[in-house]
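Chains A and B are the protein sequences, given in the same order.
Using this note's numbering, the letters of the first sequence correspond one by one to residues 1234 to 1790.
Using this note's numbering, the letters of the second sequence correspond one by one to residues 22 to 85.
Hints were generated in silico from the structure; no laboratory data involved.
Mixed in with the good hints, there may be bad ones.
[Said to hold, decoys possible] With a cut-off of at most 27 Å between alpha-carbon atoms, the simulated DSS-like pairs for lysine-lysine come out as follows:
#1 A/K1379 to A/K1357
#2 A/K1649 to A/K1518
#3 A/K1649 to A/K1698
#4 A/K1379 to B/K69
#5 B/K77 to A/K1780
#6 A/K1557 to B/K77
#7 A/K1518 to A/K1685
#8 A/K1630 to A/K1649
#9 A/K1685 to A/K1557
[Unchecked claim] Below, a sample of chain B positions facing chain A; criterion: calculated Cβ distance under 8 Å:
#10 Y23
#11 G24
#12 V27
#13 A50
The structure presented is a predicted model; accordingly, all values stated were derived computationally and were not measured.
Where a beta carbon is used, it is the ideal one built from N, C-alpha and C, also for glycine.
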Amino acid sequence: MKVSYMETDVLIIGGGSAGSMAAIRLKELNRDQKVTIFEKANIKFSGSIPRGMDALNIVTVPGINTAEDYIEAQNIACEGVLDEAPSYVMAKRSWELMKELQSWGVFFPTDKAGNYEVLKTTPKGRFTVTMREPNLKTILHDRFTKLGCTVVNHTMALQLLVDNGHVAGAVGFNIRTGELIVCHAKAVILSAGGTARFGLPENGYLYGNYDCPANTGDAYSLAYRAGAELTGLEYTLRYYIVKDINCPLLYITLTRGAKLLNAIGEEVGGDHPGIKNMFDEHYDKGLGYLRIRMSHLPVEKIEAVEDILFSTEKPVLQRYFEGKGVNFRNRDIELGPTDMYLCGGHGITGVVVDTGAASTVPGLYAAGDSANVNRGHLTGAFVFGQLAAESATEYIKGISSRQCDPAPYIAEITEKCQVMEENQGFVSIEEFEYKTRRTITDYLTPPKNEYKLSRAVEIMREMKKALPRHVKVSRTHDLWKAFEVENIIDCAILSATASMERKESRWGYWHHRADYPKTDPAYTKLLIVKRGSCDDDVTTRLREPDKSISLKGGNQQ
Amino acid sequence: MYGLEVNSNCFGCGICEEICPMDCIRTDAEEKPYLAFDECWYCGACEKECPAGALKIQIPFLIC
Chain A
1234 MKVSYMETDV LIIGGGSAGS MAAIRLKELN RDQKVTIFEK ANIKFSGSIP RGMDALNIVT
1294 VPGINTAEDY IEAQNIACEG VLDEAPSYVM AKRSWELMKE LQSWGVFFPT DKAGNYEVLK
1354 TTPKGRFTVT MREPNLKTIL HDRFTKLGCT VVNHTMALQL LVDNGHVAGA VGFNIRTGEL
1414 IVCHAKAVIL SAGGTARFGL PENGYLYGNY DCPANTGDAY SLAYRAGAEL TGLEYTLRYY
1474 IVKDINCPLL YITLTRGAKL LNAIGEEVGG DHPGIKNMFD EHYDKGLGYL RIRMSHLPVE
1534 KIEAVEDILF STEKPVLQRY FEGKGVNFRN RDIELGPTDM YLCGGHGITG VVVDTGAAST
1594 VPGLYAAGDS ANVNRGHLTG AFVFGQLAAE SATEYIKGIS SRQCDPAPYI AEITEKCQVM
1654 EENQGFVSIE EFEYKTRRTI TDYLTPPKNE YKLSRAVEIM REMKKALPRH VKVSRTHDLW
1714 KAFEVENIID CAILSATASM ERKESRWGYW HHRADYPKTD PAYTKLLIVK RGSCDDDVTT
1774 RLREPDKSIS LKGGNQQ
Chain B
22 MYGLEVNSNC FGCGICEEIC PMDCIRTDAE EKPYLAFDEC WYCGACEKEC PAGALKIQIP
82 FLIC
């Protein structure tokens, strides 16, 4: 297997929103430091925001809200399981961030008086500022390219290099050529998203996820194997958005007067329907699929919605609605449950980070969906991308170089590839992935119970062993998919284990345990998972959440 | 019609194959692109970046 070598100062794994911002910030701080990005496919349109975005989800707008307000709202949303300090620093920096984005040409519409549109999307307070930027990804991409970042496309990180307890780079796999690339680095930033391809989708299409389907829990698996702490693995998310195509639509329409209806035409959830309301209607009462109705609205409002959806977010969505014969003026939009996934930006899953985006392993940072900054969305990705860059810049000042021998990692990967190529595999990797995700859905979908969760761990361990022997590999693409499925399996084991340890129900459907149906205050803690003596030894512990902001008594208007 | 529609404007530059964020586009012997894997996320980057306006990406059959 051909192996090439390179060296850099900071290696970023994943070139989406968080990774792009980290790259930009690293170069802004010091043009001379070498910045390399490993990107699984091609970075130009990669990640969960491939084109544009319609909002900056969390902004502390002067005169409208404060960072303390945000912590109050987030504590409600997360039922107290929240490290306040990282979320606080994110909220504190959000206004500055927005100004910086504007200076790069990102458009935030204002009314005639110069006010931004600030919408309510949290249980309390208004934090979401409307953005109208169809070329967000391109703006970021052009910026880090001009600043001189090195992009290594078509490269999936398979292993972090660890030198005496410090992260010292990564081994990457070229998804087209099958070659390996060893990147020695003084620090690594994980920004590879969450686990979008996790549960099985009801529409049968394995790549139609809400988050980017290229996100297969790589960051979680890499961090875990390097010994970093992770949390929120039990927060198994399902959203309720446009049925089958999984496009977000809810608050774009509801904030313009659209109605959310159940199957018998009743309005659902009052003025701020949450996903919990929707799951109650759909599963508890059986009154799904819910629908968004706009036919009563003036045509200018409908046109505004169409403009946002079809020009800002994902222009191809227009074809979806046309194909369904859905014209917002006279037909309702059907909503439905997404497949199950793990995510730091929409949920609380991720590498445990401090206020500087540092993980518990020196030299390793995390940002975006890969990091635990509860429900941080795009603001979290951007701010923590910046924080990771700032921390890494300081950290590497004290380091001349790291000498980590990559040979054992290369040997392990090479052997695995050889086994897969030379075995008499009989199952396509697509079928293996299908079965993996079907198993995850069977045993991890809430309501959970101890029996199902322990079966999940058992079966997932068997599947991990079986994969190299049973999968028929005929192309490098198959090897790539096999590595992704391994990470999905790793995440399933962590998720089932964490779910078993959290012996209570919390966060509505997302961690409902039929055998422990009540919320237990003793569990108003973070559940941390960490590698023990080997990869198979998943240790867990409960840890008090950081309450430094509330304790300061800062919750005042 | 499903998948990637390619009209006669295509002159085989290969940009679509290069920039696909799911790496699921390949080009055939005549350098014309097609979806080699059922892994499209319909982001529309291929359509946007095509310098010839030769591409139209459809929503996958299972979804639409």
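How about B/V27: closest beta carbon in chain A under 8 Å, or not? violated, 16 Å
For the pair we were handed, A/K1649 and A/K1698, check the Cα-Cα distance against 27 Å. holds, 11 Å
Measuring from the C-beta of B/Y23 to each C-beta in chain A, is the shortest one below 8 Å? violated, 10 Å
A/K1379 and B/K69 were given as a pair; does the straight-line alpha-carbon distance stay at or below 27 Å? Given pair A/K1379, B/K69 holds - Cα atoms ~22 Å apart, limit 27 Å.
Between B/K77 and A/K1780, does the CA-CA distance stay at or below 27 Å? violated, 51 Å
Are the Cα positions of A/K1630 and A/K1649 separated by 27 Å at most? Violated, at roughly 37 Å.
Checking hints one by one. Is B/G24 an interface residue toward chain A, by the C-beta closer than 8 Å rule? Violated: closest Cβ of chain A sits about 13 Å from B/G24, beyond 8 Å.
Given the hint that A/K1518 pairs with A/K1685, does the C-alpha gap stay at or below 27 Å? The given pair, whose Cα atoms are some 24 Å apart, holds under the 27 Å limit.
When the nearest CB of chain A is found for B/A50, is that gap smaller than 8 Å? violated, 17 Å
For the pair supplied as a hint, A/K1685 and A/K1557, is the alpha-carbon distance within the 27 Å limit? violated, 37 Å
Starting from A/K1557, check that the Cα of B/K77 is at most 27 Å away, please. At roughly 18 Å apart (the allowed maximum being 27 Å), B/K77 and A/K1557 satisfy the hint.
Would the pair A/K1649 and A/K1518 pass a check requiring their Cα atoms to be no farther apart than 27 Å? Not OK: A/K1649 and A/K1518 at ~48 Å, beyond 27 Å, violated.
This entry does not satisfy hints 1, 2, 5, 8, 9, 10, 11, 12, 13, going by the numbered hints stated previously.
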